[in-house]
Each structure stands twice: as structure tokens, then as C-alpha cells.
Amino acid sequence: MSSEGDNGMERLYAERLARYTTAMRNERPDRVPIRPFVAEFTARHAGFTCQEVTHDYDKAFVAARRCAADFDWDAVVSNMVYVWTGLTQAIGMRYYGVPGIDVPPDVGFQYLEPGEGEAFMKADEYDELIANPTAFLYNVWLPRVSSEIVPPGAASSYRSNLALVKGAMAMMQYFGAFGTQNAQLRAESGTVSAIAGIFKAPLDILADKLRGYVGLSMDMCEQPDKVLEACEALMPHLYHVAKTTADPLQQVPIGYWMHRGCVPFVSPAQFDSHYWPTVRPIIEELWRHGHQTLFYAEGDWKHHLESFRELPDRSIVYHVDQADVFDVHERLGDKFCLSGGIPNFLLSHRPAGDVREFCKKVLDVVAADGGYIMDASAIMQNDTRAENLRAMTECTREHGVYSGSPSSPPPAPIVAEGSLPAHGGSTTAPGQCIEWATRAATLPTIEGDADLVEEVWNSIDSLGNVFIWQWLLSF
Amino acid sequence: MPVDQELFDAVRQADRDRVAEAVRAAIDRGAPVSSLLMNSMVPAMREIGDRFAAGEVYIPEMLMAARAMQAGLDIIEPLLGTSDHEPIGRVAVGTVKGDMHDIGKNLVVMMLKGSGYEVTDLGVDCPVEKYEEAAAGGATVLCCSALLTSTMTYMEQVVGRFQKDPAIKVIVGGAPVTQRFAEEIGADGFAEHASEAARVVSACLAGE
Ligand code: B12
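Same order as they appear, the protein sequences are chains U and H. Numbering follows the numbering used here, with no gaps: position 199 of the first sequence is 181. Numbering follows the numbering used here, with no gaps: position 24 of the second sequence is 931.
Read the hints as simulated data drawn from the structure, not as lab findings. Heads up, a few of these hints could be off.
To be verified - With beta-carbon atoms standing in for the labels, derived distance ranges:
{"hint": "1", "chain 1": "H", "residue 1": "1086", "chain 2": "U", "residue 2": "316", "range": "26 to 36 Å"}
{"hint": "2", "chain 1": "H", "residue 1": "981", "chain 2": "U", "residue 2": "203", "range": "13 to 23 Å"}
{"hint": "3", "chain 1": "H", "residue 1": "936", "chain 2": "U", "residue 2": "332", "range": "52 to 62 Å"}
{"hint": "4", "chain 1": "U", "residue 1": "332", "chain 2": "H", "residue 2": "931", "range": "52 to 62 Å"}
{"hint": "5", "chain 1": "H", "residue 1": "1086", "chain 2": "U", "residue 2": "379", "range": "27 to 37 Å"}
{"hint": "6", "chain 1": "U", "residue 1": "79", "chain 2": "H", "residue 2": "924", "range": "34 to 44 Å"}
{"hint": "7", "chain 1": "H", "residue 1": "1109", "chain 2": "U", "residue 2": "40", "range": "54 to 64 Å"}
{"hint": "8", "chain 1": "H", "residue 1": "1071", "chain 2": "U", "residue 2": "-6", "range": "56 to 66 Å"}
{"hint": "9", "chain 1": "H", "residue 1": "953", "chain 2": "U", "residue 2": "388", "range": "54 to 64 Å"}
{"hint": "10", "chain 1": "H", "residue 1": "1109", "chain 2": "U", "residue 2": "104", "range": "37 to 47 Å"}
{"hint": "11", "chain 1": "H", "residue 1": "960", "chain 2": "U", "residue 2": "316", "range": "31 to 41 Å"}
Even for Gly, the Cβ is constructed at its ideal location relative to N, Cα and C.
Using the sequences and the accompanying hints, generate a full structural model.
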């Protein structure tokens, strides 16, 4: 019994989805889609402090929806201020500076990388990680990153047990809320939720959450083979996370947050030996299953564009941060859709006229033949000026219209199994913690339906897997 | 004293143990510590900095070289104090308030140390007061680093604080910072790369 208005919203949503997905397949839609990655800007626009949106995800959701509606954008991330302190406080997560607690209430949350000596994984722990990444994360990593959770062998404690229970339930609650948020975005303003799922490169995971960048840099000199083995061991797990969190309808891409895998963080030789060989097969495998990946290429990856060209046409959307968007267009534009490239410095600190001028140039050159999505270079925090975002939006509406009928995206790729090794060097299957065979050995002979018992075991066991890998990747 | 080739090579090749050994051996031979620093270690670091700027070596190599150099400095520094060595300048380097990024700042510290300056590392999240303390402690050049568009504007406050003090120079840098921005906020210097920081500091000290 949907009213006229609801139908209107549905139509708007369909129109936007077609515009967005057509551009992402590097085709020409009716006009350039607008998909700004607004983070703490949403809070400012909606009149909330950073503390409010980080502590209360309902407020963060409201703020994201308010922005989407007020600016009339095609797609937004349903909550780019993704850290919810209910969750981080539940387990006493050490690595966040929390607005209102560790940093002033109107400063965004921040990930704090520990110094070399305090790394969450030690230089001599590679073998343990490689043998069973999931167990390593639970047994070694989690007790170190949490102020509450004790490691196996230590006396169990009230606080530790509580932290695990509260953390798990809070995560379920938070993830569940995203479904409602996406539906509301769609119903209230016809806005598309821009990405689904998460991927990070094995080498970045090692630097960001395990060894720290400096520690990893030393390891790359002192024990490069171990580092490579660890990357390979992480691969199937990271693939599994990406695949199982991706959009089942294969419409919107998986977010791939690229931190420090490029020159000068690594040498070209290290990129070739460690970074790229442990990323490329995953991207290809995802594409074989019909999933595009959004390369959110933080910094400047100009030395690696040739490597990215090895990927199948249209398999990725390439987001431009500090690189020269015109140069990237020349070098990748024939193969992949691009997004971003509008400097945050302009959006935060220059008059609207400058923003317009730059956007117009990008629209005229980069977007000329389709395959471009309007966005800033980096995520937008609360220093971004609303009038400049308005200028970016209006300029795109004005100059981003294509003549002629839109080209249609080609069909999704044929699904075929690829060559990704199932377990890497480790013993446990991705997606599980304690495998059924291990469990079954502890049970008496099952007289009833053994398959049913196995199925339920696996599905509940996989929740344990989701919990720890989501901590590692998303929070 | 001429270059101590062994020390020069050990720094250049980022070999920590060899650097410490070479320094100890040279000191045993009676080499003046100030010369070991200025004639052997500084040129080696300069070479690495130049190669970084030219895109021939990368941050991991820089970190390894800095660590090797530090192994030598750990031995030399206590002795420098008792010799008649005068550093070519006193510099303080910090990431500005609200900003926790320190990889670039650390490279600047390294390159300045590697050029023979006495460098105080102020760390991250530095309010104006931190720079004031450094100036009170004898630093005449203050280097500010920022990586966020939301924190780069804080540099203006640091510059503003020392504007009326001709003896103190403020230099700015970090990925979002440009020459134009540096000029607009009235900074005394700017460099795009850590490897150019020493040149900018020296220009400032020369009053250019
Ligand atoms: C590493 C990193 C982090 C690490 C920092 C670890 C550490 N110990 O430094 C962590 C994960 C902790 C982090 C946190 C955050 N980050 Co961050 N981070 C980066 C990243 C990937 C690299 C930065 C870097 O180290 N560059 C390498 C160094 C060598 O470059 P550099 O600092 O520019 O230095 C060179 C020159 O500029 C110069 N230089 C530097 N300083 C100075 C000073 C002087 C005086 C001179 C002469 C020269 C000079 O010398 C250096 C060598 O040549 C960038 C993206 C990217 N790839 O650029 C994002 C990036 C800077 N971060 C960003 C953001 C948003 C954040 C967070 C807010 C995210 C969050 N919510 O947690 C927090 C903020 C924390 C805070 N308050 O500071 C954004 C900024 C966007 C914006 N609008 O400005 C970026 C651009 C990523 C993005 N595309 O969204 N980050």
C-alpha cells in the first residue's frame, strides 16, 4: 500500500542506482553520479558534536541521512564515522582516541598506532600467526588490544567475560542497525548506500594492527620471507571477509582501504614481492564472483598504476586521493571508473569559486567519456565547508550531464572458481574457529540428523570468526 | 680530519653494529668526535636523503639508516657535550596540536640530525606552548608538521606566536601543506620533502 510519494522515492532510488552502477562499470550514465565520503562533516551539518555521533550511532545515522537528503546526493556511506564507542568501550579497545574521553568532544575519533616497542604483535611471533591466524588473534592479539580481556592461561575474570559478551552483542546490534539505516536512506531520500563489505591488504593489516609500520619495515629487511608467509596466510581469511560482507546483489563495490603499500612506504621491489602478489589474486577472485572493489587509494599510488592495469577491465573503481586526477585518468581511465580527486584543502580552506573551477575541469576532462564519480580526495571531516560541498554538488549537476542516451553496463562476469589457495599456510579454514571435525570428535555418535548438527555448529562457530576478523579489519 | 670511510659506508649501508664499531674504533684511535659526526656521518645521511628525494631509496631504508646513525650518535653525543663541539644550529620539530601523524615528522628529525643540527623531537599533538618551551630552551628554528586539513591551520597560531620574534624562525611541512599556504600564514620556510628540510633550515639561519 505504498503511496505516490513512496513510489517516487523508489523511482529516484532506481535512477540513482543505475547512474552509480553504470559509472562504476566505466560506462556513461545520464549524468555524473555524486558520492561524497562525508565523515565528521555529517555531524557538523546535523548539529551534533563528534562525541555524539561516535557514542550514539543513531545520531550518526541521522546525520548521514540528513546530509544525503539535504544535498540530494546519489550515494553515501551509511555511516562513515564507523567507530561506535559502545562497541569499543565494551571491550576496552586501547587503540582509539575517543571524542569526549581521550580527545575533545568536537574532534573525530582517531586510531592511534602504538610505537615500535608497544606493537600488538612481536617480531618473533610470525610463526604463531601463520599457523593459525584466527587463533592468534583471539589468544594473543585481542588480550593486548583490550584493557579487559585476559589471555588463555591467565585467571579468568568477571570483567574479561563481560567484555567478550558485551562486545559480541554490541557488534551484532550495530551491524543489525545498518540494514535499517540503508532501508531508511532508500525510503527517505532515494539514496544508495555506496559500498558494502571490507577489504585490506595483508601487508597493511600487518602494519596497521599487528607490527606497526616501523616494526614491519624492519621485518621487511630482517625477515622478509616470514613477512611474505604471513601475508599469504592472511590472504584466504581476508578474502573470506571481503566475500561474505560484499553486496549479495553485486551492485555496489567492496571498500578496500589502501594505507601504506605504495612507494615510498615500501620500495618498488617490496611492492612487487609482498604487496601486490598477495592482493591481486583476491581482487581477481572477487571479480570472478561478480564483485567490484573500490580501491580507496590513500596518498599517491602513481608508481603502481601499471600493476593495477593487470586487473580485468571494470573489476575495480579507482579512487584518487593525493595523486593528480588528470594523470590517473590518462593512465587508467580506459580500464576503470575513477572517483574523487577534488583536494580536501580546497573544500576546507578555499572559496567556493575555486572549488567550482577545479570541479569543472575534472568534469570536462576526467568525466568527459563517463566512468567518473564526483567525490573529494579524502574522507571529509568537520573542517569541510558546507558551501564548498554545495558548490561541488551544483557544479556537477550543471556540467556533469551527458548528452545522448546512457550506455548500458555489460553483464556481470561469469562466475567461476579461481585459483586462490583455500588455507594459505595455516591450518584453520577461513570463516571458522573450531572446525566441525574437531567438535564431532568430542561428541558421542550422533543418532539423529548429523548434518543438521554440523550445519548449526558451523553457522554459530562462524560468528566467532566474524567477531575477531571484524575487529581486525573494521574497527 | 678526512672522512672515516668505514663509518661513512656503515651509515650509508644502514649497518647498525658496524656503525657502533666504527665509531668506537675511531674514538680509540683518538679521532675528534665532532669530526666523526660532521665529516663522516653527516655526508652519509645527506647522500641517503638526496637519494630519497630522487626516488632511489624509500622510507624503510631511511628508517634503517637513521637507526644505524643513532647507534653512532648514542656513543658520540655524551662526548660531544664535553668537547668544544658547537652544533650548526638548534632545531625543534613537532607535529601540531590535534595531529598524531609522525612518520613524516620523524623523517624530518632524522634528516636534520643527519645534517649535524641539534634536534629536539617534540613529538605529536604539540600546542603552541611546546614550541615556546623549545624556543626557551635554545631552539631557534621550529619545524611544524601536519597531515590533516583540519590541523594544518593550527600552524598559523605557531607562526603568529613567533612573528614578532626575529630570532625564531618557523618552518612548516606535511602532505597537505603547500608553498602558497606557507606564504599565506607567514611561515619562514617550507619544504615538500624531509630531505630538503636541512636546506630550508640553513637558509633561515643565514637570514635568507
Ligand atoms: C599513516 C597514516 C595514519 C596513521 C599515522 C601513523 C603515524 N605514526 O604517523 C594512523 C593510522 C594513526 C592515522 C590516523 C588518522 N588519519 Co591518517 N593517514 C596516514 C597515511 C596513510 C600516511 C601518512 C604518512 O605517514 N605519510 C608519509 C609521510 C612520510 O609523508 P608526510 O608526512 O607528508 O611527510 C613528508 C613531507 O610532507 C615532509 N614533511 C612532513 N612534515 C614536515 C615538516 C617540515 C617542517 C618539513 C620541512 C617537511 C615535512 O617530509 C616527509 C618526507 O618527505 C595518510 C594517507 C597517505 N597515504 O598519505 C592518511 C591521512 C593523512 N589520514 C587521514 C585521516 C582522516 C586520519 C584519521 C582522522 C583517521 C581516523 N579517524 O582515525 C586519523 C587522525 C589521527 C590524528 N588526529 O592525527 C586522512 C586526512 C584527510 C584530510 N582531510 O586531511 C589521510 C590523507 C587519509 C585519507 N585519504 O583519508 N593515519
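Of all the hints given earlier, name the ones this structure violates by number, lowest first. Structure breaks no hint.
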